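Knowing the structure of chain A, use the given hints to seat chain B on it.
First to last, the protein sequences are chains A and B.
So the first sequence is numbered by the numbering used here: it starts at 461 and just counts up by one.
So the second sequence is numbered by the numbering used here: it starts at 2 and just counts up by one.
Mixed in with the good hints, there may be bad ones.
[Stated by the list, open to error] Derived DSSO-like pairs: lysine-lysine, alpha-carbon spacing no greater than 30 angstroms straight-line:
#, chain 1, residue 1, chain 2, residue 2
1, B, K147, A, K527
2, B, K362, B, K69
3, B, K101, A, K527
4, B, K91, A, K527
5, B, K424, A, K527
6, A, K527, B, K149
[To be verified] Pulled a few chain B residues facing chain A out of the computed Cβ check, cut under 8 angstroms:
#, residue
7, E90
8, G94
9, L98
10, T113
11, A119
12, D203
13, S204
14, G254
15, A256
16, D259
17, P391
18, A396
19, F401
20, S417
[To be verified] So the derived label-pair ranges between C-beta atoms look like this:
#, chain 1, residue 1, chain 2, residue 2, range
21, B, D76, A, T526, 38 to 48 angstroms
22, A, I506, B, N323, 25 to 35 angstroms
23, B, G408, A, P495, 51 to 61 angstroms
24, B, S118, A, F761, 30 to 40 angstroms
25, B, V195, A, P541, 30 to 40 angstroms
Please keep in mind that the hints were generated in silico from the structure rather than gathered at the bench.
Quick caveat: nothing in here was measured; it's all calculated off a predicted structure.
Glycine residues also receive a C-beta, built at the ideal position from the N, C-alpha and C atoms.
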Amino acid sequence: MSAAVVPRPDVVENRPGVRARRRHRALWFWIFTGPFFAGLMIFIYIPIVWSIYLSFFDARNTVTPTKFVGLANYTYLLTDPTFLRSLGTFVVFAAFIIPVTWASSLGLALLLNRVRVAKAFFRSVFFLPTACSYVIAAMIWRLSIFNGARFGLINIAIRALGGDDVNWLGGDGYWYWVALVSLRLWLQVGFYMILFVAGLQRIPADTYEAAALDGATGFRVFRFITLPQLRSTSAAVLLLVLIAAFQAFDEFYNSLITVGGYPPYAKPPLVYLYLISLGGNSQDLGLGSAGTIILTIIIAFVGLLQLRFFGLGRKEDRA
Amino acid sequence: MSIPGPVPRRRFLALGGGLAAAAALTACGSNTGRPSSGGASGGSSGGGPTLTQWYHQYGEDGVEDAVKRYAAAYDKAKIEVVWNVGDYEKAVGAALLTQKKPDVFEYGNGPTLDMISANQVLDLTEQISSAKDDFPASVLAPMTWKDKVWAVPQTIDMQMLYYRKSMLSKAGQQPPQTFDELISVAKAVATKSVGGFFAGNDSGFGVLANLMIWSAGAEQINSSNDGPGFVTSAVAAGLEQYRALKESGGLLGSASGDWSAPDPFVNGECAMMWNGLWNMPIFTSELKDDFGVIPFPKIGSGGRQAVPIGAFASCVTAQGTNPDAAKEFVRWLWVDNTADQLDFSTKYGFHIPARKSLVAKATNLTQGPAKDAVSFVEPLGHGPSQLWTPATSDAFLAAFSNVVLKGADAQKQLASAGETCTKEIKRLTS
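So here's chain A without its partners, still in its complex pose (with noise of 0.2 angstroms):
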């Protein structure tokens, strides 16, 4: 009897006011996700696939080349010393960077998980140099803490103990790198330590009294439960940091140029395809767009590997 009574599916599709009710849904659909559809189209795939195209081409000084070069842009990026030294440089800093950033942030939101007190303040503490802008912060880096110079902050310190002074960004040494890497930590550690917050607050309470139960404390508690608890957000941070590892620029730029120019060492991928496509006076969107779809292929396929490492995506994580 109940069959009798349910209409045909089509049958209910098809009434008049249905019909109204989901043409006004998707009217509402496109008013709100409309204008955000067309900036992601104008400003960030437009230009993608525009860039790709420029990448095939001669196109100096012009967006609208009519030289087609083929691979040649692609060829003469993957034989250039400095561009492949500069991927060099890359895998330097994320050595550093991307364990040490994880390491940070993870200690960090554990050392805050167990504050019982002012937990908000120092949890903004932590998190406000994220809010710093690269520039600013690599200004305040360059001129004041690691200036080269005797009246430079830890200079100033290191000759109070009977030392020489150290020329941090002027290429003696590795120094640059204590710098570098300092800046970078300072300035994204807060926002990771945040996602770690969020993952561990995730982690229900009933499973640390199970384990305590069992007779886990201490190490063997974060090893065995908290670890794999928070697999899906190491993941995810080691990612964001590779990624922003690999768009590295700001910050080397605006700590190690000069008036001469970039100097010839520390100079990640971003900020060599800059000073070859765009640097000085030229203007070669060609070779700028081939080596920006070069990075973005590495991005593309070490996150995917790193995806695959940790194992997500998998039956486990959608369920």
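Leaving out everything else, chain B in the frame of chain A:
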């Protein structure tokens, strides 16, 4: 160490050194390419067509008013002067790709080869022809391509080595004429609190790179314009000598300002410093006659003393509103109108008139170190080649730094940079 902020006029010299300098840090120019109703533009009310003329933001007081005054005096066209704040080179490059391009614009050492190849600018050989011999050949060279002149120089700037007479004399030293002498003098005058020689907070790589080529008797690009001119044993020896300078302790690695600022020299942080003509009034005011100037010392027996020179030069856009009228305006202002040219070079800051015949009339350049500086321009001046691209410059800088900082083999490093240079020339000229 100072922020490399907007470096008016002298910025082209940094560009000549290879890479874009620091004005991007403060870039804020949102420019429509056309005169606005705000304070950034102004100009003549003359008859005829309306033309736009772009300038970068000069640091010296009065330049903006002066160029608007020159424009207002022109009666064959209405000239709208646009005063660009921010990253000027990027603004010009972007504007030339749009419909709203300037009719006349200044550019460091003339237009790039890419601008010429892309037909963005016009040949000004005819406009400059009546006075071509009155411009120093070394100034015109960077704006000449295939025997055509693509810009008219407005005023000349230069760099040189400043030294404190009292500091050298106290150490019993004479101003260095050769690089070997530079090493020994820098070491002799250096103390715990005073550096011997300072050329920037990057150990001098950026600003001295080209000089390591020119002073060794070589050129950036070979005479047939198809390969590097810097892959020579003399340049290699020069890079190794620079390493010796750095290891001697005579090179000051970091100071209160970069090489383009007056502070390190005025504060007595170094006895010798690479700097520009633009700071000479400050040095004269602060140090009186306790300083002198010399060119960059020669490297090796086949070397020569050298100074980098450059000039902001006026270019005409090919697809402007009225190219013929724009060419005539450039001829009127920067070729025929010597009174305004002299005013532009001598009344605002410290520069050398682009016309040789006007130098004698520049009374502030007729004595002391300024007179010495002027004497360097014609015989010792060098400007960047159009074929010296950022990628080539970058490769040479990498070679320079690898030799000095990592002790790499100079010949191999130069050969590697030379390959990049050849590749770049092929790309540019294909």
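Here is what the structure says about each hint:
Under the criterion of a C-alpha separation no larger than 30 angstroms, the hint pairing B/K147 with A/K527 is consistent with the structure, at around 23 angstroms. Taken as a hint, the B/K362 and B/K69 pair is honoured in the structure, with Cα atoms around 23 angstroms apart against an allowance of 30 angstroms. At most 30 angstroms may separate the alpha-carbon atoms for a hinted pair to count; B/K101 and A/K527 meet this at roughly 24 angstroms. Distance hint between B/K91 and A/K527 is fulfilled; the C-alpha atoms sit about 23 angstroms from each other, no more than 30 angstroms.
Distance restraint check for B/K424 and A/K527: the Cα-Cα separation of roughly 18 angstroms lies within the 30 angstroms cut-off, and the hinted pair is therefore satisfied. This hinted pair checks out: A/K527 and B/K149 have alpha carbons roughly 25 angstroms apart, not beyond 30 angstroms. Taking 8 angstroms as the C-beta contact cut-off toward chain A, the hint placing B/E90 at the interface holds, the least distance being around 5 angstroms. Of the supplied interface hints, the one on B/G94 holds, with its beta-carbon coming within about 5 angstroms of a beta-carbon of chain A, less than 8 angstroms.
Checking B/L98 against chain A: minimum C-beta separation of about 6 angstroms stays under 8 angstroms; hint holds. Against a cut-off of 8 angstroms between C-beta atoms, the interface hint on B/T113 holds, since the closest Cβ of chain A lies about 5 angstroms away. Interface restraint check: B/A119 against chain A, minimum CB-CB distance 4 angstroms, threshold 8 angstroms, status holds. About 4 angstroms separates the beta-carbon of B/D203 from the nearest beta-carbon of chain A, less than 8 angstroms, and the hint is met.
Nearest Cβ of chain A to the Cβ of B/S204: about 5 angstroms, under the 8 angstroms cut. The hint holds. The criterion of a C-beta within 8 angstroms of any C-beta in chain A is met by B/G254, whose closest approach is roughly 4 angstroms, and the hint holds. For B/A256, the interface hint holds, since its Cβ comes within 8 angstroms of a Cβ in chain A; the closest pair sits about 5 angstroms apart. Interface restraint check for B/D259: the shortest CB-CB distance to chain A comes to about 5 angstroms, inside 8 angstroms, so the restraint holds.
At its closest, the beta carbon of B/P391 sits 4 angstroms from a beta carbon of chain A; the interface hint therefore holds under the 8 angstroms criterion. The beta carbon of B/A396 comes within 6 angstroms of a beta carbon in chain A, closer than 8 angstroms, and the hint placing it at the interface holds. With a cut of 8 angstroms, the hint placing B/F401 at the interface with chain A holds, because the nearest CB-to-CB distance is about 7 angstroms. At a threshold of 8 angstroms, the smallest CB-CB gap from B/S417 to chain A is about 6 angstroms, leaving the interface hint in force.
Checked against the hint of 38 to 48 angstroms, the pair B/D76 and A/T526 passes, with Cβ atoms roughly 41 angstroms apart. As the Cβ distance of A/I506 to B/N323 is approximately 34 angstroms, the hint placing it in 25 to 35 angstroms holds. Our hint of 51 to 61 angstroms for B/G408 and A/P495 holds, since their Cβ atoms are close to 58 angstroms apart. Taking the beta carbon of each, B/S118 and A/F761 are about 36 angstroms apart, inside 30 to 40 angstroms as hinted.
At about 39 angstroms, the CB distance of B/V195 to A/P541 agrees with the hint of 30 to 40 angstroms.
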